[in-house]
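Engineer: Protein chains in written order, with our numbering: chain V, -17 to 204; chain L, -12 to 83; chain W, 142 to 688; chain C, 16 to 224.
Read the hints as simulated data drawn from the structure, not as lab findings. Check before you lean on any hint, since a few could be wrong.
In silico BS3-like links for lysine-lysine, alpha-carbon gap of 25 Å or less [said to hold, decoys possible]:
1. W:Lys567 x V:Lys31
2. C:Lys135 x L:Lys59
3. W:Lys430 x V:Lys31
4. W:Lys488 x V:Lys32
5. W:Lys494 x V:Lys27
6. L:Lys59 x W:Lys152
7. L:Lys52 x C:Lys104
8. W:Lys152 x V:Lys27
9. W:Lys252 x W:Lys152
10. V:Lys35 x W:Lys152
11. V:Lys84 x V:Lys98
12. W:Lys488 x V:Lys27
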Amino acid sequence: MYFLLSGQAASRTTGAVDDVMLYITAISLLLLVGVTVTMIYFVFKYHRKKGHKPVDIHGNIWLEIIWIGIPTILVLTMFYYGYLGYKTIREVPEGAFEIEAKARMWEWQFDYENGKSTDTLYVPVKTPIKLNLESFDVNHSLYIPAFRIKEDVIAGRINYLAFTADKVGTYDIACAEYCGLKHSMMYSAVVVMPEQEFASWYEVDSTKVEPASEMAENMETN
Amino acid sequence: MHQEETNHHSTGYGTYILVWLALIALTSITVTVAGIDFGMVALAIAMLIAAIKSALVINIFMHIKYEEPIFKVFLLVSGFTIVVIFVLTFLDVVNR
Amino acid sequence: MANGTIAVSEKSFYEESTNKHSGILAWLLTTDHKRIGLMYLYTISGFFIVGVILGLLMRLELIAPGETIVSAQTYNTFFTLHGVIMIFLFIVPGLPAIFGNFFLPIQLGAKDVSFPRLNLLSWYVYMIGAVLVLVSLFLPGGPIDTGWTFYIPYSVRTGTNVSLAIFAAFVLGFSSILTGINFVTTVHRLRAPGMGFFRMPLFIWSIYSTAWIQIIATPIIGITILLVILERAFGVGIFDPALGGDPILYQHLFWIYSHPAVYIMILPAMGVVSEIIPTFARRTIFGYKAIAFSSLAIAFVGYLVWAHHMFTSGISDTARIIFSLLTFIVALPSGVKVFNWVATMYKGSIDPKPPLLWVMAFIVLFSIGGLTGLVVGSLATDIHLHDTYFVVAHFHYVMFGGTGTIFFAALYYWFPKMFGRMYNIKLANWGVGLFFVAFNMLYFPKFILGYMGMPRRYFDYLPEFTDLHVISTVGSWLMGITMIIVFGNIFYSAFKGPKAPRNPWGGVTLEWHTASPPPLENFHEIPTVTREPYDFSQLEEMNDESK
Amino acid sequence: MSQSNQAAAVDHHVHRDDVGAKMGMWLFLFTEVLLFGGMFLAYAVYRFQYPDQFKLAALELDTTMGTLNTIILLTSSLTMALSILALQKKNKFLSIINLVLTIFFAFGFMVNKYFEWSSKFSHDLYPGSETMLNKQDGEIVFFGLYYIMTGLHGLHIIIGIVILLFMLVFVSRGSVTHDNYVKLENSGLYWHLVDLIWIFLFPLFYLIH
Ligand code: HEA
Ligand code: HEA
Ligand code: CUA
Ligand SMILES: [Cu+2]
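With the rest of the complex left out, here is chain V (with noise of 0.2 Å):
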């Protein structure tokens, strides 16, 4: 599935998706081939003007059996794996950098440790990054496709999400949970930057709002 968006994995979780979505979509291709191709086939062989006699076949309690117990098997390997990956997601590792993410309509706040405050999100690269949500009114949700994670902003509750980027760039944040007149334009990025820049970054002693990301500001001008 990488083939989907262009480059290699942009973080842990990324591949960890892909795979899951490889592996469920591969048997559902071939369920979906097979009963296809067969009822086709069906249609075609019995065909009424073939004169054929019909055959009253009122069941067959091995069939039965045989297509209930391999998709049970299928399914709780699909299961299993879902599973696999979503431990990927929501595991923080220990020590993990965290950063408070406040949502409100329409716009992302993220405030650091030390006190920094942007609408746009740095994170050092191969760095755990422990994401806090909490919203100012209604429901939102952070949305990174690229890493192929969310978690939704809830009013009232304070919800986390986690993630290691593993390339440099800039990638969407999204906000994937209707919200009201501009739910479409509650676009943010997140600039994974080197250690060693993101460090200079955060030591710049300044509390002072950063400017939007392009992406952002493109969208708000619409």
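Add chains L, W and C with the ligands to chain V, keeping to what the hints say.
Structural biologist: Frame of chain V, contents of chains L, W and C with the ligands only:
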């Protein structure tokens, strides 16, 4: 479908009055018990008593005892549904 | 299968009425289940077209990023209304209220449902709900803009007419409950002599299972909606986090109904499939009991999986894992059905007339929808795909490709019985073919969009998504043309089509034993059932009778 | 049961199916149970989240009033059941007396409820009031639930009164009789359900200490 079929049993005025007395008695028990501090068990006792009371009402006042078996099956289905909803919701709530 | 059912056809139910009135009043005051079914058909089709036009407008807006034809607020009300109309006015009541009403009593060999007046009341309640939806559009405040899920706290904060619109959903739910009660009672009390549970056609089994979900699940949405209305009116604090409420509890309550509701939508459709395949393969159904019980199983297991809509909402990890597991289990009974249907074609004598073609389209489209349901049922992938176009694609495949397709299949299967006329077969074949192409063009790109990270309920989108959106929009135009052909054929034939015989397809369930259209009390004499539902050895006998 | 049902019924011109009617009523009652079930679920979740605040808030409720109403309602259930039984035994007079008593108790319940609510209101305890907004979250939720659940229950009592008044007319006019009383029986079922719900509401709101 004739009347006799639905009007079968031998419930008399007396039975109803007895059941009513039992309901009143259970009510006073539950009120009294609530006055004593049982901590966590209190809720369980209160619910147990409420369950006994409703069993009485359903069985005798509402005649479920004397209806066709399918009615009891229905009752089980709806009771079961409630249990399912509670259990699965609490699966989330308790573990949050 | 039956004896003594030769309808000495004099008057059809169109010519005879349950009341003294004539003209429109004869319809509005009727207690005849067939007329009520038709009244549902007309009104529900009407709302379907409204919903579909909203869909078309949405596609037009989405043909390019930025504002194209409507403003963001209008777009938000569009998808909300599209969702509300499609779910509460079209697809939930659709098959049971139209075809269930019309054919359940006939297939049971009964004169009517258990509570005919209640049946009429359900239709009025439905209409009241529908009118309330429409009224909510025009009151100050404007049309509701919350999405059809009405999530708290947005639905408490927004100034649009949320209360009235969701109250309409409450009323519609009431109608749904009344229909469900009526059908369960009818199945238990009014089966013709000789018709044990295992001689019931599978359509009845599916309607019966559906009716149970309607009874057991709908009250939950009722109370949830009432709570939202009270929250908006008085600030009672049940859901509003500002007052101590829990928005996630709202989501639980909402989905406790709304997940089972998706099986209210699909089960009757599966029942219709189980009718059509034997008729056109002219052999008995494969695995009767497996299909019958899988309906009950779906109704039951469908109750255990609701939180798969909440995998990213912050419910506990334990809950996510168990709900994901249960979600995978719910796919099994659907699989059983699919496999048995295909097996029913084995060694049949297959005549691919339009109803069967619709069913074949259904099997493919529903399988795609269902199998992608597994993708979103898996925890890892759903975290990524939740609230993206992938989900939008999934549910259009199961709802429109599943139930919608079967809506047409049922219409094309039972049309001769309901209207006593026949439609143009060739045009009908074209309709199915075009539908299949248009459908995939319209919705398949949405899977890819979703995987690329396009969230749903988006008025505006990033430029890289444009191409796929354009394909989808063009698909919607093709779909529009298809719909005109499909509906046009039916509409024309209802007035001008050639007279249909009693049994045009060679079906054997009870409805094919009576006249087309049936007389007022369905049969001149209550039939006695002596065979299984799909026993085609009686076909020749039947043909002789009708001569 | 399946075979015989209809066979017996067909030859009657107008087909009457009392078991069917009762079945419909029971199914309807299940929907009521689930309607309240949703509320009880909300109650359970919040009681779990705010155990102490629920206790605190419940102190404001008047246990005596609640107990009194419980007894009234249980007694009305008795008179309801007696009314049906009396009619079955062809004692129309006793049936009417008991029906009137049932309605009387129902009114009594509502009067009691009225005083209870109005005393809350006079203490400025209602959703959105100033006193209320100054309370802790759990207490606000408790009162929200209290008003909605007892309010919804009260609404059912009022509907019940209307139904029972109709029954009173039917029984006195003789359209509900000892061999055709399924309407009265179904009204009874409804009435007992209202009682049943109260059996649970009572300890959950009035008896938390
Ligand atoms: C008719 C309606 C309908 C039906 C039948 C289904 C059927 C299923 N749905 Fe779907 N669903 C919806 C309507 C429906 N859904 C709607 C409307 C939404 C979105 C709501 C919203 O947010 O607005 C939704 C959303 C939705 C989600 C949430 C996605 C999200 O928001 O993140 C999930 C997650 O698990 C899901 C899963 C499933 C599953 C597993 C099935 C299964 O029942 C499918 C079973 C069928 C098959 C599997 C195919 C046939 C079987 C075979 C060909 C062979 C057997 C193979 C195996 C078992 C391996 N659905
Ligand atoms: C049964 C259910 C159903 C059906 C049939 C449809 C049908 C369609 N839906 Fe559906 N849709 C939903 C249920 C359904 N939808 C739901 C529940 C949602 C979620 C809402 C929410 O987020 O809250 C949704 C959301 C939804 C979205 C996502 C919106 C968003 O998230 O931003 C989109 C976007 O493209 C869309 C498009 C369409 C289109 C193009 C059709 C097309 O089928 C329309 C194609 C048909 C035509 C174009 C025919 C035109 C007809 C005529 C011109 C008249 C015919 C003439 C005569 C009869 C004479 N829908
Ligand atoms: Cu914030 Cu959508
Ligand atoms: Cu679901």
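Engineer: Evaluate each hint against the coordinates.
Structural biologist: Hint check:
Taking the CA atoms of Lys567 (chain W) and Lys31 (chain V), the gap is near 17 Å; set against the 25 Å cutoff, the hint holds. Proposed proximity of Lys135 (chain C) and Lys59 (chain L) is contradicted: the alpha carbons are some 41 Å apart, above 25 Å. Pair hint Lys430 (chain W) plus Lys31 (chain V) does not hold up; C-alpha atoms about 30 Å apart against a cutoff of 25 Å. For the proposed pair Lys488 (chain W) and Lys32 (chain V), the alpha carbon gap of about 12 Å is at most 25 Å, so the pair holds.
Annotation: proposed proximity of Lys494 (chain W) to Lys27 (chain V) holds, straight-line Cα distance about 16 Å (limit 25 Å). Taking the CA atoms of Lys59 (chain L) and Lys152 (chain W), the gap is near 43 Å; set against the 25 Å cutoff, the hint is violated. At roughly 20 Å between alpha-carbon atoms, Lys52 (chain L) and Lys104 (chain C) fall within 25 Å of each other, so this suggested pair holds. Proximity of Lys152 (chain W) to Lys27 (chain V) is assessed by CA-CA distance (about 43 Å); at most 25 Å being required, the pair is judged violated.
Proposed proximity of Lys252 (chain W) and Lys152 (chain W) is supported: the alpha carbons are some 15 Å apart, at most 25 Å. Taking the CA atoms of Lys35 (chain V) and Lys152 (chain W), the gap is about 37 Å. The hint is violated against a cut of 25 Å. Among the hinted pairs, Lys84 (chain V) with Lys98 (chain V) is consistent with the structure: their alpha-carbon atoms are about 13 Å apart, no more than 25 Å. Restraint check for Lys488 (chain W) and Lys27 (chain V): satisfied, since their Cα atoms lie roughly 8 Å apart, inside the 25 Å limit.
Of the numbered hints stated above, those contradicted by the structure are hints 2, 3, 6, 8, 10, listed in ascending order.
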